[in-house]
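If you want the building blocks of each chain, they are given just below.
Protein chains: 2
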Amino acid sequence: MNAIAGVVQGQEATFPRAEYDGRVARTRAAMEKAGIDVMVVTGPENIYYLTGQQTPGYYTFQCLLLPVDGDPVFIIRQLEYFNFIANTYQSDARIYQDGQSPMKLLAEVIRERGYATRRIGVDKNGWFLSPAAYEALCSQLGTVHDAAGIVESQRAIKSPLEVEKIARAATYVDAGMRAGLASVRAGASENDMVAAMMGSAIAAGSEYVGMEPLVSSGPRSGVPHGTWRRRMMAAGDPAFLEMAACHDRYHAALMRSAWIGTPLPEAVDMMKVCQDALAASLDAIRPGVTCQEPHRVCQRIIDAAGYTDSFRKRLGYSIGISFAPDWGEGAILSLNEGETTELRPGMTFHLPPALRLYGRFTVGVSESIVVTETGCRVLGTIDRALHAVAA
Amino acid sequence: MNAIAGVVQGQEATFPRAEYDGRVARTRAAMEKAGIDVMVVTGPENIYYLTGQQTPGYYTFQCLLLPVDGDPVFIIRQLEYFNFIANTYQSDARIYQDGQSPMKLLAEVIRERGYATRRIGVDKNGWFLSPAAYEALCSQLGTVHDAAGIVESQRAIKSPLEVEKIARAATYVDAGMRAGLASVRAGASENDMVAAMMGSAIAAGSEYVGMEPLVSSGPRSGVPHGTWRRRMMAAGDPAFLEMAACHDRYHAALMRSAWIGTPLPEAVDMMKVCQDALAASLDAIRPGVTCQEPHRVCQRIIDAAGYTDSFRKRLGYSIGISFAPDWGEGAILSLNEGETTELRPGMTFHLPPALRLYGRFTVGVSESIVVTETGCRVLGTIDRALHAVAA
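Each protein sequence line maps, in turn, to chains D and B. Going by UniProt numbering, the first residue of the first sequence is number 1, and it counts up by one from there. Going by UniProt numbering, the first residue of the second sequence is number 1, and it counts up by one from there.
Chain D on its own, in the form it takes in the complex (with noise of 0.2 Å):
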């Protein structure tokens, strides 16, 4: 172990060094399968995962420069540097200053290790390495080959290790769900209801998640994506209830309905709808079952109850390491026609089915779940009522 300046290396590490060892080995193996001898690694879930390094800061640069032979070298601001210290057993970096180019420096150091002639790749389909930084890595080094996949496919299958932190999170989901609907009242906001569900969670043991609550109540739920405006809630409001919390940086979900006073007729048949596609769905997921079948088994039961004009949307999306703007990793794989994709154990979904009439109300209810050797588990546990409250 290091110290640098009273940091001690790893001292804030997520995992034994072995897991890391064995992350970097396998993205090594797959690199050379796809032809690619340096990857720059630059999405922050990609980079915790390879490397266990997280911080607030992923609005600037970092990367990790990662040969498939060879030792891997962090390229990362001055003011990061210890945080990298401390959350990776990696003591391997270059600094750059406020006011310098991490870009020029990402380059220089490139060419230093005599990777200039070989073949590079970037995430192309990332986030957080903009046109103008990967023009200017092209301008420098010429062809970029794309990597998009590589790592996210080692990210698809969770380990034990994985598993348990995201069954740790779904009891942060838990509490926090348990407090948002105790909350839901006439004469409560929408904002009470959120602070109850954040700061239960976060008391509970969470840290910070990859996209807000989405929270509504009355009309306001009967918009999909919109959240918490300070609206007051009444007596016949409907409240749409879906979050996500965390235990190093692994998320797990969980959406539920309430209803303050006698919900509408029409609230209750699509409730009713949901929870039997729900159930459904997750009675249709076991190893071997590819990820277009789940998704099929909950369109069949909403089309067959006639709201096929409400839901429009995949079934679920993977979840494990997200870092803002997004909780899941629907990028990496989607429970929705056409992926055929098999179900493995140690995959981990978010199942949100949720139906709407348009600026009137939403309901709905999901499960966070892992694939098992024979089906799945789920990880959280409160029931799948839509929650009554007394007017």
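For identical chains, the list gives no copy identity; a pair is met inside one copy or between any two copies.
With a straight-line Cα cutoff of 25 Å, these simulated DSS-like cross-link-like pairs (lysine-lysine) come out:
(1) LYS272 x LYS313
(2) LYS33 x LYS124
(3) LYS104 x LYS313
Just so you know, these hints were derived from the structure itself, not from any lab.
Position chain B relative to chain D; hints supplied.
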């Protein structure tokens, strides 16, 4: 007003229509000056500034296609369309379904409208336009020009309506920071502190912020940009608290320090330097002074006290509209050496001088301010002492 499937145009809009019309007109004038005929606006902050559109779902592609003449059009995922109607006064949108290519749709719209032969610009420094999307655009349309800074330069000076939002956000920050400081005690965890900070700020009125609170305790506080991870606080511990809150996506931020028991003499000394540097910097802010001047004032005080090595960063950064992963507008304007832009009334900044002994502790103190006709107005109301907590 149009109503689309029960969602009324502009029902959730932040400002009156005239505010957006003025912004678009000024942006078009800046585009003409820069020789850009059509701008593909992809940054969520810039999109929000020009249209009012906001969604947590900006991890899927969205853009505003803004010509210097003629009607703008929005490109958006189907699920986000109703959000767009609710948040904006603009009904002209083109929708893609999950599984379809948004870049293909964008190129089609550009061709249909006859823009393909005109000078098209994108913000090449922005996030959320991946290298793959950028390359797809170039391969369909040829050269795409750099339009970085065109919208940002409009955003740097806030209108009275915008200042009002930031001042409101500052009251939420005050509520969160007061609760956070009150939660510091031996036997409480870092998570308890953050649950108090975020819970109180959200209950007071805040929406979701662009970046998590930066909160740590004990020796963890000596690692820059770390944040809470369940550590229990004990007698003798420092606590470092920095957070933002927002109203209608306009942010204010604040940093404070606390100590359980008698603070180390070095900490008291370092805090005094931070307080003096902040006060002197604030005194140096007035219209006509360049951005680097308050930074130099701060740096001189820190250098004179012998802490040059502990302060290698800018004094502050612009604040305003933010979406994750940052709560600041540092890419627009910084208070830093070499920044020669003149301060003007309506500019808003967060100034967080902090000093640290790496691996041991950090202390710091900050204010969010707006530049006025004669100086600056401090938006927060929390005293700047090193908050002493009984051990």
